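**Student:** One line per chain: the protein sequences are D and Z, in this order.
UniProt numbering numbers the first residue of the first sequence as 1 and each following residue consecutively.
UniProt numbering numbers the first residue of the second sequence as 1 and each following residue consecutively.
Misleading hints may appear alongside valid ones.
What the hints assert, rightly or not - When the alpha-carbon atoms are kept at most 27 angstroms apart in a straight line, the in silico DSS-like pairs for lysine-lysine are as follows:
(1) D:647 with D:267
(2) Z:635 with D:159
(3) Z:389 with Z:94
(4) Z:212 with D:649
(5) D:649 with D:635
(6) D:635 with Z:551
(7) Z:649 with D:649
(8) D:300 with D:54
(9) D:198 with D:185
(10) D:647 with Z:466
(11) D:267 with D:159
(12) D:643 with Z:551
(13) Z:466 with D:649
(14) D:300 with Z:212
(15) Z:389 with Z:212
(16) Z:306 with D:643
(17) D:306 with D:649
(18) Z:357 with Z:466
(19) D:300 with Z:389
What the hints assert, rightly or not - Each pair of labels, with its calculated beta carbon distance range:
(20) D:238 with Z:393: 47 to 53 angstroms
(21) Z:330 with D:441: 32 to 38 angstroms
(22) D:639 with Z:319: 38 to 44 angstroms
(23) D:283 with Z:539: 30 to 36 angstroms
(24) Z:34 with D:257: 55 to 61 angstroms
(25) Z:168 with D:250: 50 to 56 angstroms
(26) D:392 with Z:446: 53 to 59 angstroms
(27) D:250 with Z:429: 31 to 37 angstroms
Hint data in this document are derived by calculation from the structure and do not stem from the laboratory.
Every value quoted in this text rests on a predicted model; they were computed, and no experiment measured them.
Where is the CB? At the ideal position from N, CA and C, for every residue including glycine.
Number of protein chains: 2
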Amino acid sequence: MAEINGSAGLQEVFRGVPPTSPSSQPLVVMEFAVGAKRPAIEWMISRLQMSRAKGGAELDVTAMVMHHKQQTVLYIGGNTERLLVGADMMDLHKRYRDGYYREFSVQDVENFEGSDDLDSFLTMAEKQKVIYHEMEVIRAGDDDAHIPGYDKIKLYPGKSILKKYLSRHIISKVYPLHDEEQLKKLGAEWYQLKHFFKPQPINWIQHYFGEKLALYFAFLGYYTIALIPPAFIGIIYFITSWQSMYREAVFAVFNLIWATIFLEVWKRYCSELTFRWGTVDMVSSRFDEPRANYYGTVGKNPVTGKPEPVYPKYKRSLRFYGVTVPVVGFCLMVAFYVMLGYFYLQEMADELYKKDKSWLNFGVLYVPTAIYAIVIGIVNTIYRSVAKKLNDWENHRLQVSYDNHLIVKLILFDFVNCFISLFYVAFYLQDMTILRSHLAALLITQQVIGQVKEAMVPFVFLRRRKQQVKVMLEKSQALSKVEFFNGEVNEEVRNQANLESEMDEYEGTMDDYLEMFLQFGYVFLFSSAFPLAAVWALLNNVTEIRSDAFKMCRVFRRPFAESAANIGAWQATFELISVIAVMTNCALIAMNPEVKKLLPSDLSAVNIVIVFVAVEHIILAIKVAVAYCIPDTPKWVEIELAKIAYKSKQALQHKRLEAAKTNHKKLQDMISHVTSRAKEEKI
Amino acid sequence: MAEINGSAGLQEVFRGVPPTSPSSQPLVVMEFAVGAKRPAIEWMISRLQMSRAKGGAELDVTAMVMHHKQQTVLYIGGNTERLLVGADMMDLHKRYRDGYYREFSVQDVENFEGSDDLDSFLTMAEKQKVIYHEMEVIRAGDDDAHIPGYDKIKLYPGKSILKKYLSRHIISKVYPLHDEEQLKKLGAEWYQLKHFFKPQPINWIQHYFGEKLALYFAFLGYYTIALIPPAFIGIIYFITSWQSMYREAVFAVFNLIWATIFLEVWKRYCSELTFRWGTVDMVSSRFDEPRANYYGTVGKNPVTGKPEPVYPKYKRSLRFYGVTVPVVGFCLMVAFYVMLGYFYLQEMADELYKKDKSWLNFGVLYVPTAIYAIVIGIVNTIYRSVAKKLNDWENHRLQVSYDNHLIVKLILFDFVNCFISLFYVAFYLQDMTILRSHLAALLITQQVIGQVKEAMVPFVFLRRRKQQVKVMLEKSQALSKVEFFNGEVNEEVRNQANLESEMDEYEGTMDDYLEMFLQFGYVFLFSSAFPLAAVWALLNNVTEIRSDAFKMCRVFRRPFAESAANIGAWQATFELISVIAVMTNCALIAMNPEVKKLLPSDLSAVNIVIVFVAVEHIILAIKVAVAYCIPDTPKWVEIELAKIAYKSKQALQHKRLEAAKTNHKKLQDMISHVTSRAKEEKI
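Excised from the complex, chain D in its bound form (with noise of 0.2 angstroms):
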């Protein structure tokens, strides 16, 4: 292909630009499609370059051009000053010389923790996320219609080019560089067998992969603790004799209440972790950045006035209450009655094997599962798509808002699929032993193949692409014409790079919450009923912790940090659970033929279910006392919190005298004659 052998384009993209300084190493590497056009490569190649005046990014480029495979990748970098200036911009968070985290400011960087040495003032994932964000805000501009070499790409003013081109596949991937050193220390602190029940080195992991995923294993650690007393008391059961309707009452209460107490206990936990990382107050407000993908019209941002793309909200309310919520309830009522045909067709095979107890009856009866399985699986895959394809339609402004969208669409569809049917068995064929094997056919079969898809694979699939990626690194790099532009990546690095692009993408935390939550809805939406679920679940749980943790630092690329102050939407999510867990406990119990045996026997059916319900409306009000009981924040947070406020107010003051001083009138006399007995009384 003449494209790709004529290299004077790609000599030309580089001409002028100083060269990579020695400070800047490769932190990012950007692959582009095989066969991808060349006049897009350049083009994106001296965006990278640009400086942020003319909209570029102004970062280190080396590329890399393998001619044997049609591919261009690029090596990115920034000098310590570019990406001082980066963390600048987007508002990282840095420790300040008193100790408190503070929004990192160059002018200000001597009297920040570190600024010792430049270098290595910021982390390599703080370094990787900079390049990250002042690549995804390249932003095109009025004059650019569509990308140079793609004519049917268009583009519109504002819209993230980098986004444009991986969602497109002109790029195919993305990623920042592992740093192979702190890794093996990370790991070995991690997921080693001898540190099994250690806790985990959370601080190390939010270094190195950033808030959001250290929160994720922070609670998935801390929720395991928690499920330690509730397996406890189900062993208990299990081996004395579980099956006494009281137990099982006072069984499902402690599950109830204990449930509401570490919800609340967690939000401590979490705002004193995101607090010594200096994200606790990092609440989205009106004056953020918009996603990278928001797109609109040129305009500003009505409290900052800098230009940002703008979206009325009407039009996102259009799309949301006039495609997406039909779009979801029809999804819903498919997964329902999908359900209600298994249960159809499996009643059908209970029959047929009752009328004629032959061995091909008895292969039948498995049928209706194995079909339910396979099209629950096709109703899934498709839905999640679509799921995902309408929250980028509704176009949010803000990443918290896009993702709380997501997650209630994937919550509600797996609410129906996995939660529903144990409904249906508990409370319309109200048949608890069905539901007891149907609750813990799901649960540990979701558990089985949640371990042997994310663990047993990757681990078996990672030697052998170790394997594959050494032969054809070797092959390769006999064959190929490797030709690189503007500086030259070493080996080490090029090999470290081939090997990491080998590897899965991490999809971010999204499914492990959703496996999670899963599973929590599992032990205590019917706790009454399969008091073993929680052992289940602990077990599980133990085992999922370093499996994710192997998953991380060994299976997936390494991902963009992300900042976090909280888990997000999942934390109402689960509080919701553990809402519905009261009703459905309840009316278990309440359900239970053994029950009219311990209430007075005087009391008419109508009366038993009133008790019920009173019993249900007291637990509720207690989990309400419980979580008001429970300040959301340990008091040395909320005080240290208040002296950041308090400083901040006196910076407000400080920044308004500074302002009056200028500005001297007619008033002079007066004011200083008031200032200095100010002054005098202030101290």
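On the provided structure of chain D, position chain Z as indicated by the hints.
**Tutor:** Leaving out everything else, chain Z in the frame of chain D:
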């Protein structure tokens, strides 16, 4: 009495004090009790005049001794300079030249709106508020063991002297003077008959009486308008045949949803009001000054480092859980048993009348109600004083926390007193006829009594009292020997003060809210039983607004203005009632025998209950959804608040930069280079 006649001491107190400045007019009146001991009076005067640096209030004081009454009255004012400094100290919010409210700062006074004329820069209400605050924070020092002249009235360091004088009745009254001119204008707009259907002049009220009171009237007006739809439906149902089950259910559901909507929309309206008044973000925090009545060992605030009393939290918790909770619980139980006793007596009387329908026995029918009313009256009086004392004794640091704890105590008791009997009739006796008549009786009698007590009586008394005062005034002027120290107060002001001194004291918004709370409960808790309740409530409130307005202007002494960002705990209590109302109404309808006719006939009694429990849960879910969907703040207020937050963020960075500038080090060169680039890019 030698003490009173010898004025040498008083003359001594005023020696060396500069004469009252012409700009300082008397704004606040402090009356000592008749026969209060001279040393105590002298000490108070000297502390009021002493400089702030020495622990005084530095106010202008003119003393008037009425020898015939053995009474001393102080007329207190402050010159403009003093009041501005005071406003600065107490973080009063004033409108800045950019249109936003800021904490007032003397050093920056010229940038606040209206600072051209400093004498009228603060409103009269603000000046009085400042003076009261300054008087309140005069605290006992280490050497002040007791009040001079009263060896037995001990003081301890940090205790507010004024509060001690008031609680020990050495000072009988402290009140700000009315502004007759403004009051006339305000009254004309507010309570005159021709403005009966016009909205209240809320902004004027805020200007004259402060935010807390203005919010009460705003809420009362808003709530009254919100009663129109339920009242309208109630009337229609009454005119046509409203006794249909179906209609009752529709009405109840409408009411429940409506209550949620209007309470949510109120929050929006409230935040608009308080945004305009500059108090919207006035959140209590750890760096607020403690209440004047807060006491403890001398320590310092953990946030600001300023000295303040410190009282350990465990002690407060000990008092709360160890004493308050049991005592309140006991009182509630007493009220409950009194209620049971009433029903027991009533039943006996009913039977007696049934057996022998004599005139005597007809009279006996009303004996239980009479006894009940008297006993409840006594119990209520005792409880209120106990609740108040307990609340003082719990020693809350912030006024908000003090108010909220008092509100909860009062509400609990009134709930038991007024609502439990209805619950008893509705769900234990299950007699809808008694419920309806009992509800109507409670609602209407309370309203009639309320109107008489609040509007008629004060009005009649006011006229009589004015006469009395006039006669007394003339008499006293003839007889008395009035002596002035440190200036003189003209007769007009003296007469005004004499008149206002005889007016009733306004006890705060607590009782008014409580009344509204009970009415809200009567209307919404049992809507399905008595749809006309809303009509009665509406009629009552329309007159209540105007009679309350009249009382504020003409019956009560002017209260000191208080700031508020919202209606505080009342919002939560109204919301709580609206949640309980869902339960009661669902239960009421489910209990209706007609309900079976409407539902499919094959539904068992148990299933009917389950259906209604389901309906209840669905309505609760809708309530939560509605509350979630209506944002608490209108968009424009949100954006304005974000702008303020953004500015303050920038100011903080600015201050850091200032600090950094004075602190250059070895990184000088690097920084200056980076700085210039950052500036270039930020533009």
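**Student:** Each of the hints needs a verdict: does it hold here or not?
**Tutor:** We went through each hint and held it up to the structure:
The straight-line distance between the Cα atoms of residue 647 of chain D and residue 267 of chain D is roughly 25 angstroms, inside the 27 angstroms bound, and the hint therefore holds. At roughly 26 angstroms between alpha-carbon atoms, residue 635 of chain Z and residue 159 of chain D fall within 27 angstroms of each other, so this suggested pair holds. Using a Cα cut-off of 27 angstroms, the hinted pair residue 389 of chain Z and residue 94 of chain Z is violated, with the two alpha carbons roughly 36 angstroms apart. Of the supplied pair hints, the one linking residue 212 of chain Z and residue 649 of chain D holds, its CA atoms being roughly 24 angstroms apart against a limit of 27 angstroms.
Distance check on the hinted pair: residue 649 of chain D and residue 635 of chain D sit about 21 angstroms apart at the alpha-carbon level, within 27 angstroms; holds. For a cut-off of 27 angstroms, the pair hint linking residue 635 of chain D to residue 551 of chain Z is broken: about 44 angstroms separates their Cα positions. Distance check on the hinted pair: residue 649 of chain Z and residue 649 of chain D sit about 10 angstroms apart at the alpha-carbon level, within 27 angstroms; holds. A hinted pair counts as satisfied when its Cα atoms are at most 27 angstroms apart, and residue 300 of chain D with residue 54 of chain D qualifies at roughly 19 angstroms.
Restraint check for residue 198 of chain D and residue 185 of chain D: satisfied, since their Cα atoms lie roughly 15 angstroms apart, inside the 27 angstroms limit. Note on residue 647 of chain D and residue 466 of chain Z: the hinted pairing is violated, with a Cα-Cα distance of about 53 angstroms set against a maximum of 27 angstroms. Straight-line distance between C-alpha atoms of residue 267 of chain D and residue 159 of chain D comes to about 37 angstroms, which puts the hinted pair past the 27 angstroms bound. This hinted pair does not check out: residue 643 of chain D and residue 551 of chain Z have alpha carbons roughly 43 angstroms apart, beyond 27 angstroms.
Annotation: proposed proximity of residue 466 of chain Z to residue 649 of chain D is violated, straight-line Cα distance about 49 angstroms (limit 27 angstroms). Between the alpha carbons of residue 300 of chain D and residue 212 of chain Z the distance comes to roughly 37 angstroms, so the proposed pair goes past 27 angstroms and is violated. For the given pair, residue 389 of chain Z sits about 23 angstroms from residue 212 of chain Z by alpha-carbon distance, which is consistent with the 27 angstroms threshold. The straight-line distance between the Cα atoms of residue 306 of chain Z and residue 643 of chain D is roughly 12 angstroms, inside the 27 angstroms bound, and the hint therefore holds.
Between residue 306 of chain D and residue 649 of chain D the CA atoms are separated by roughly 24 angstroms; this keeps the pair inside 27 angstroms, and the hint holds. Between residue 357 of chain Z and residue 466 of chain Z the alpha-carbon distance is near 51 angstroms, which puts this suggested pair outside the 27 angstroms criterion. For the given pair, residue 300 of chain D sits about 56 angstroms from residue 389 of chain Z by alpha-carbon distance, which is inconsistent with the 27 angstroms threshold. Our hint of 47 to 53 angstroms for residue 238 of chain D and residue 393 of chain Z holds, since their Cβ atoms are close to 51 angstroms apart.
The hinted range of 32 to 38 angstroms is not satisfied by residue 330 of chain Z and residue 441 of chain D, whose Cβ atoms lie roughly 54 angstroms apart. At roughly 23 angstroms, the beta-carbon separation of residue 639 of chain D and residue 319 of chain Z lies outside the given 38 to 44 angstroms, and the hint is violated. Between residue 283 of chain D and residue 539 of chain Z the C-beta distance comes to about 46 angstroms, which lies outside the given range of 30 to 36 angstroms. The hinted range of 55 to 61 angstroms is satisfied by residue 34 of chain Z and residue 257 of chain D, whose Cβ atoms lie roughly 59 angstroms apart.
Separated by about 55 angstroms at the C-beta atoms, residue 168 of chain Z and residue 250 of chain D satisfy the suggested range of 50 to 56 angstroms. The hint said 53 to 59 angstroms for the Cβ distance between residue 392 of chain D and residue 446 of chain Z, and at roughly 58 angstroms that hint holds. Judged by the Cβ atoms, the range 31 to 37 angstroms given for residue 250 of chain D and residue 429 of chain Z holds: they are separated by roughly 34 angstroms.
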